[in-house]
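Asker: Here are the chains, one letter per residue:
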Amino acid sequence: MSHVESDEDTGPLLFCERPDWTDVTPIPQYEGVSNPIAPIFYTPEYKDATDYFRGIVKTGETSERVLELTEEIIKMNPAHYSAWQYRYRTLLALNAPLHSELRLMDDFAVNNMKTYQVWHHRRLLITHLTAGSVPAADPFDTAQAELEFIARVLDVDTKNYHTWSYRQWLLAHFDDPALWLGELPYVDDLLQEDVRNNSAWHHRYFVVFGRGSRAQATPAEGAEVSQRETRYVKGKIALAPNNASAWNYLRGILEFAKTPFSSQAEFAQPYTVRRAPWDDDDVIDLDNPKPSSDADLPSVSAMDFLAEAYGRDGGESVTKAVDLWKALANQHDTMRKKYWDFRIKEALEMKKD
Amino acid sequence: MTASTNRRMKPTPVDGFPTQTSDMQTTTENVIKARFETVKASASDFTTDGPVLNRNAHLQFLLRNLVQGFPARYISQDASQPWLFFWTLQGFSILGVSMDESNKKRAIETILALQHPFGGFAGGPGQFPHLLPTYAAVCALAIVGYPGENGGWDQIDRKKMYNFFMSLKQPDGSFLVSHHGEVDVRGIYCLLVVATMLNILTPELCAGTPEFISSCQTYEGGFGSASFPDWALSNEGYVKDVSAPRPPLGEAHGGYTFCATASWVLLQPYVQTYYPAKSLPQPRIDLHGLLRWATHMQGTDIELGGFRGRTNKLVDGCYSWWVGGCVVLVEGLLGIGAHSEGKHDKEGEDGHEHAWGDVDDSLFNRKALQEYVLIAGQHAAGGLIDKPPKPADAYHTLYCLSGLSAAQHRVVPSEERKTELAAAWVEPAADEDSDELTKALRKRAFVETLAWTEEEGTAVYVGGSANRVNATHPLTDLTVTHATALMAHFYRQAVPQRAAA
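Taken in order, these protein sequences are the chains called U and E. Under the numbering used here, read the first sequence as residues 2 to 354, first letter to last. Under the numbering used here, read the second sequence as residues 437 to 937, first letter to last.
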């Protein structure tokens, strides 16, 4: 067989050409369906491997060569969930070393990071490796290594959805203070890199608020954290006042802490007007950083925020909210005119009641 | 007024602080703007009525896929074959073309080959059953199938399907997408559409699912993929602590948000039937936050009003349906447009100057979304796309067309239709294995699902009525006709004609 492997043009043998596979009966797709609609034009290699996969599934065989077969299939089609599922069952049946499976999957994950199955398979492996009273692998070390691996993958694509949800699952699953501890500096790095990375903002929320009272034991601790986060996000808003991700995070903090939006009205106000009178002003208010000099004002997100603050205050403030919503509807955010009009109508009806 | 004649194409502000995200945004805006100029300059793509839907090119694209098949790069979709069928067949339906008998027969045979002996449908023959292909297969059968021998509908094994669904159920109310598979709200949406259409909903199937959906809503208002269950679960594996955090995994995202919102709507018959009867506290979602998030995903003029799928990401034609369609569902939940007596109840509203001059109460910009699909979403060689200069594919073709449909037509949960359907309801004779609550649940599911009806006189066709595509049912993405026929069959009901408007 070695002469085949050295010949790059030929590639590995098809399963139907391999002497050690002659005992398996391949099953073609759509046996008995004479003329299937919308067929895919498979490569000979893919057709061969999946015919043999159907043959294996039929007999229920779980053996070393099944690992070889499923690896071939998921290399050609990482979304073949049945191949992944069967591979996992085979690994367990063989009591195979899951560590080496994990390492095998490392490169694979980087190259196929947009596939659900790649991440789910890791999750199954990690769970299995660290489960039980005498786990096969040390949970903390495993999780730590996994966080480092994920960071390398996110380095390639900082917004990869599956990778981020996997990271969040991992942190919650192992729920070790020492693991959580590294997350804020990590998110901060990413936000320094790109303050508009919404995945990083979501992760920040997950880390800071997602655990609820599990993270902040006392109300005082909770208040301190909210203040710290409010300060942090306001600094980021000042850098790029039209960044919806940061404004959404500010709203998220206030909602979580059940703090009125109007507590930040003074901060938001300068972002809602075109002129910048504070340009001549030397006074620096550390609690309420001003928009950067290059900012494109007014910021739609700021107007949205301030209107929300006024609207929730109710009473006479509603008029101020309505003015902002009108300006959004008719001038600054005309695409959402119907939405802003809806907000006006709703607020006025509420006021009437 | 079409926005394309008098729009201000203002670039998204960068605040003098460019980052990778804003660089990509700027590049995309330039690409879309250039496409807009090209299309506007082409007499065949842009007439005096506006942009043209190249219907024939898209039909050719669909026909090629259906009859000749898909090139080898679609090997990546080998485990999603029912989706290829559904995207293609529903594309035809939206474009107003139905299959001839021989292609219907071929399609039914092909789809039935994917039904798994243990229940549910698989991504391909000999693969394992999975919730996503199950939805796609059942919807494809709704389009091409019919009752009786070889018709596809009565060959669906509903009993095994139900058992398959229950075998995926998790203690937190969620479902695995397949055995050893992941949990996420796409699977739950697929399960609920199928269970609703096939009349196999039970309280046991739905138990805990509303609470799970609710837990996936993020601080931004949209929904993430799933949530983390363990802190709320007891060692015995049930939800012990309802106040324990169940944080969402992943940020608010268009696809998940559509699936979660539609699931929430599909669960309402269960919630309304079961919770009062059992004196359970009603689960909640933040509807206003959801509405804000979804409407904010619509891009500005320079993006031609296409939708993005996450905050600060790029617009993509497929979100025309996932997010545009989601706004429609939220409007339904808020009771907007559900007024039963015409559109006159808005009159004389405290003389405030914002007049509701438009034809409808829709909360997103329907005209602009149509422009995105027509101008940025069409490929010259047929088929529809994410954005220029991407190639066309089966997925984007359907979801661009579905989004176009959702922007042209206003399909709302009609109170009148509910009354008609409820009045015509005939209690099934021999349904001895169902208790009273289950019967009430099923009746409600039937009535509420089929109450979605196009509002008369509110259709808007950018580029003129030659661009008209068929209306779709907002919960299923089938035409109302197909959804109705399938459900009438499985609920054994004769569906009354719509009263003349």
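No lab work stands behind these hints: they were computed from the structure. Beta carbons are placed, not taken as given, at the ideal position from N, Cα and C, and that holds for glycine. Do not rely on the hints blindly, as some may be mistaken.
Dumping the calculated EDC-like pairs for lysine to aspartate or glutamate here, alpha-carbon to alpha-carbon at most 16 Å [unchecked claim]:
#1 Lys446(E) - Asp297(U)
#2 Lys339(U) - Asp737(E)
#3 Lys259(U) - Asp722(E)
#4 Lys59(U) - Glu18(U)
#5 Lys338(U) - Asp796(E)
#6 Lys235(U) - Glu149(U)
#7 Lys160(U) - Asp722(E)
#8 Lys291(U) - Asp324(U)
#9 Lys160(U) - Glu194(U)
#10 Lys321(U) - Asp288(U)
#11 Lys338(U) - Glu317(U)
#12 Lys446(E) - Asp334(U)
Footprint (simulated), chain U over chain E, 3 or more residues, beta carbon under 8 Å [to be verified]:
#13 535-545
#14 659-669
#15 682-695
#16 732-743
#17 849-856
#18 887-900
#19 919-930
Asker: Are the hints correct? Go through all of them and say.
Answerer: Structure-based check of each hint:
1. Lys446(E) - Asp297(U): Within the cut-off at roughly 12 Å; holds.
2. Lys339(U) - Asp737(E): holds (15 Å)
3. Lys259(U) - Asp722(E): Judged against 16 Å, a Cα distance of about 14 Å means the pair holds.
4. Lys59(U) - Glu18(U): Given pair Lys59(U), Glu18(U) is violated - Cα atoms ~20 Å apart, limit 16 Å.
5. Lys338(U) - Asp796(E): Holds: Lys338(U) and Asp796(E) sit about 13 Å apart, inside 16 Å.
6. Lys235(U) - Glu149(U): Cα-Cα ~29 Å, so violated.
7. Lys160(U) - Asp722(E): violated (25 Å)
8. Lys291(U) - Asp324(U): violated (23 Å)
9. Lys160(U) - Glu194(U): At roughly 13 Å apart (the allowed maximum being 16 Å), Glu194(U) and Lys160(U) satisfy the hint.
10. Lys321(U) - Asp288(U): Cα-Cα ~24 Å, so violated.
11. Lys338(U) - Glu317(U): violated (23 Å)
12. Lys446(E) - Asp334(U): holds (11 Å)
13. 535-545: It holds: at least three residues are needed, and the segment 535-545 of chain E offers 4 whose Cβ sits within less than 8 Å of chain U.
14. 659-669: Result for this restraint: holds, n = 6.
15. 682-695: Held - the segment 682-695 of chain E has 7 residues with a Cβ nearer than 8 Å to chain U, which meets the minimum of three.
16. 732-743: holds (count 6)
17. 849-856: violated (count 0)
18. 887-900: violated (count 0)
19. 919-930: It is violated: at least three residues are needed, and the segment 919-930 of chain E offers just 0 whose Cβ sits closer than 8 Å to chain U.
Of the numbered hints given earlier, the model fails hints 4, 6, 7, 8, 10, 11, 17, 18 and 19; all others are met.
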